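Peer 1: As a plain string of letters, each chain reads:
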Amino acid sequence: MDTPAKTPKDVSAGDARLRASVGPHISSGESVEHIMWTVSAALLPAAALSVYYFGVHSLLVMAVSIGSAVAFEALAQRMAGQKVAVSDGSGFLTGLLLAMNLPAGVPLYLPVVGSAVAIIITKQLFGGLGFNIFNPALIGRAFLLASWPRYMTTWPVPHDSLSLASVDATTAATPLAILKEEGYARLLEHFASRYDMYTQMILGHRGGALGEVSAIALLFGAAYLLYKGYITWHIPVSFIFTVGALTWIFGGDPVLAVFSGGLILGAFFMATDYVTAPMLKKGQVAFGVGCGALTVLIRLKGGYPEGVCYAILLMNCFTPLLDRAFRPSKFGAAGAKVKV
Amino acid sequence: MDEKQPNLYNLIKNGIFSENPVFKLALSLCPAVAVTTTVKNGFLMGVAVLFVMTMVNITVSIFKDFINPKVRIPAYILIIALYVSMTDMVMAAYARSAYKEMGLYIQLIVVFAIIISRAELFASKNKVIPSAVDGIGMGLGFLFALVLVGAVRELIGKGSLLGYSIFGGDAVLIMVLPTGGFFAIGLLMGLFNWIEDKYFGGMSSPGGGHGH
Numbered sequence: 001m002d003t004p005a006k007t008p009k010d011v012s013a014g015d016a017r018l019r020a021s022v023g024p025h026i027s028s029g030e031s032v033e034h035i036m037w038t039v040s041a042a043l044l045p046a047a048a049l050s051v052y053y054f055g056v057h058s059l060l061v062m063a064v065s066i067g068s069a070v071a072f073e074a075l076a077q078r079m080a081g082q083k084v085a086v087s088d089g090s091g092f093l094t095g096l097l098l099a100m101n102l103p104a105g106v107p108l109y110l111p112v113v114g115s116a117v118a119i120i121i122t123k124q125l126f127g128g129l130g131f132n133i134f135n136p137a138l139i140g141r142a143f144l145l146a147s148w149p150r151y152m153t154t155w156p157v158p159h160d161s162l163s164l165a166s167v168d169a170t171t172a173a174t175p176l177a178i179l180k181e182e183g184y185a186r187l188l189e190h191f192a193s194r195y196d197m198y199t200q201m202i203l204g205h206r207g208g209a210l211g212e213v214s215a216i217a218l219l220f221g222a223a224y225l226l227y228k229g230y231i232t233w234h235i236p237v238s239f240i241f242t243v244g245a246l247t248w249i250f251g252g253d254p255v256l257a258v259f260s261g262g263l264i265l266g267a268f269f270m271a272t273d274y275v276t277a278p279m280l281k282k283g284q285v286a287f288g289v290g291c292g293a294l295t296v297l298i299r300l301k302g303g304y305p306e307g308v309c310y311a312i313l314l315m316n317c318f319t320p321l322l323d324r325a326f327r328p329s330k331f332g333a334a335g336a337k338v339k340v
Numbered sequence: 001m002d003e004k005q006p007n008l009y010n011l012i013k014n015g016i017f018s019e020n021p022v023f024k025l026a027l028s029l030c031p032a033v034a035v036t037t038t039v040k041n042g043f044l045m046g047v048a049v050l051f052v053m054t055m056v057n058i059t060v061s062i063f064k065d066f067i068n069p070k071v072r073i074p075a076y077i078l079i080i081a082l083y084v085s086m087t088d089m090v091m092a093a094y095a096r097s098a099y100k101e102m103g104l105y106i107q108l109i110v111v112f113a114i115i116i117s118r119a120e121l122f123a124s125k126n127k128v129i130p131s132a133v134d135g136i137g138m139g140l141g142f143l144f145a146l147v148l149v150g151a152v153r154e155l156i157g158k159g160s161l162l163g164y165s166i167f168g169g170d171a172v173l174i175m176v177l178p179t180g181g182f183f184a185i186g187l188l189m190g191l192f193n194w195i196e197d198k199y200f201g202g203m204s205s206p207g208g209g210h211g212h
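Chains A and B supply the protein sequences, listed in that same order. With my numbering applied, the first sequence covers 1 to 340. With my numbering applied, the second sequence covers 1 to 212.
Don't take each hint at face value.
What the hints assert, rightly or not - For each label pair, taking beta carbons as the anchor points, the in silico distance ranges come out as: (1) F131(A) to N10(B): 35 to 41 angstroms; (2) G159(B) to L108(A): 30 to 36 angstroms; (3) M279(A) to S97(B): 50 to 56 angstroms; (4) G159(B) to F131(A): 46 to 52 angstroms; (5) E120(B) to V112(A): 44 to 50 angstroms; (6) A85(A) to G190(B): 19 to 25 angstroms; (7) F182(B) to S31(A): 45 to 51 angstroms.
I should point out that these hints are in silico values taken from the structure, not numbers from a laboratory. The model shown is predicted, which means the values in this text are computed figures rather than measured ones. Note that beta-carbon positions come from the ideal geometry of N, C-alpha and C, so glycine has one too.
Next up, chain A with everything else stripped away, as it sits in the complex (with noise of 0.2 angstroms):
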């Protein structure tokens, strides 16, 4: 840069991000509460389809994780002498999306332990809400997943009205496993047609976990999210991008591969979450691309249809490291190349 280094007071009435203003500030009213609430709501759309498309015992499934999850963050809290703060919404939050991991059958004592290891274990032992490094409730899912096979695995059909009766004994495999097993050819097979099957995927009407079922709710949910600057565009986009990408690459249907699984629930609600994705934006997007290969890898190459749980669970370590490779260089440091 030719032009003479400028004083710190040129900068600060040059860029207004640089611009600090004495007190007092106004109160943005945002707080770690206000956000884990407004995320939970976000769910809502997703979570009440889900009661329609699975019957009560899907609100069971979710009451149960949420009520369990609630119980034990109060419980780790108080056993650790700390103050009690499970109205901060984060247990509520966690136990909601282990619900929303979970197939609607599954017998009632699964999400208590699922919320006892995303809870105690995964979040408390490590200290508590900001300082656990993986996300708790893909920790209780993956601990389930390994624990009992077979129920995580066993996705009752959804029905096609609002039905007060419990879960369905008839199951069906979701997209993914009859991909995985069966081919494309013959997933194509269940639908009228290829338009057909989209539109099925998208809207929802497909075996599968509570919260995965219908992609179009849980993007209003997350475009809620969006619009009040929640979350940034920057994690859920490249990695559902880099998933749709190298599968188009590797031969594979992407709009499928985007809408069939958990892809939108885990970019949008669990990749994003603030204690475990990297803070700055290129961090993100690398951290996003990251998760979307490992996806993809393990959907193609790996032994489960599904791979966007383990995806965010291996990218979640690489967060500290992320936040490193990416920090920006301080103003003022010698060597440094500042842009004004």
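The hints should help you fit chain B onto chain A, whose structure is shown.
Peer 2: For chain B alone, coordinates are given in the frame of chain A:
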């Protein structure tokens, strides 16, 4: 440990509680995770280590004045290998089914950090009797830890204890997978420290090690 005549009772207590190889020193965690899917396997491994550790401590203590300090580690390894080979052959002959499951880990006792660290830290500086007692104490501590971890994992992961079914069916499968080993050891370690902190006043942990 620096005293000339260590109290033998304290040596035993030290090995089992305040310097328990698994829960306090965090040494030899690999076998503690790998073989402890059942009480029986944990017990057999613990007994094998108890024997090797005691005999190595005695042997190193006897020969400590003959071993040149520059080659002491290879010398210790040879001594350990001697007793591990004996254990290996005895197990292969008399406990065939268990040996099939955990034979590999019996051979791996050669490189267990806890054994070489006791040889280096204790037996090479102490007389035969205290060394033998230290080996027994540490061996019992290891045995205790492995049986405890094995019991927790077998009970939760298989719903049985010592092969007898306690609650059948829907056991928590993850606890018999390697992941469950880490869960069990980590939680028991925390429980151990908590009990010591609460009932025996303060933690006297000498700090973690980096064991095999």
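Peer 1: Hint by hint, say whether it matches the structure.
Peer 2: Structure-based check of each hint:
{"no.": "1", "hint": "F131(A) to N10(B): 35 to 41 angstroms", "verdict": "38 angstroms, holds"}
{"no.": "2", "hint": "G159(B) to L108(A): 30 to 36 angstroms", "verdict": "19 angstroms, violated"}
{"no.": "3", "hint": "M279(A) to S97(B): 50 to 56 angstroms", "verdict": "54 angstroms, holds"}
{"no.": "4", "hint": "G159(B) to F131(A): 46 to 52 angstroms", "verdict": "34 angstroms, violated"}
{"no.": "5", "hint": "E120(B) to V112(A): 44 to 50 angstroms", "verdict": "48 angstroms, holds"}
{"no.": "6", "hint": "A85(A) to G190(B): 19 to 25 angstroms", "verdict": "22 angstroms, holds"}
{"no.": "7", "hint": "F182(B) to S31(A): 45 to 51 angstroms", "verdict": "36 angstroms, violated"}
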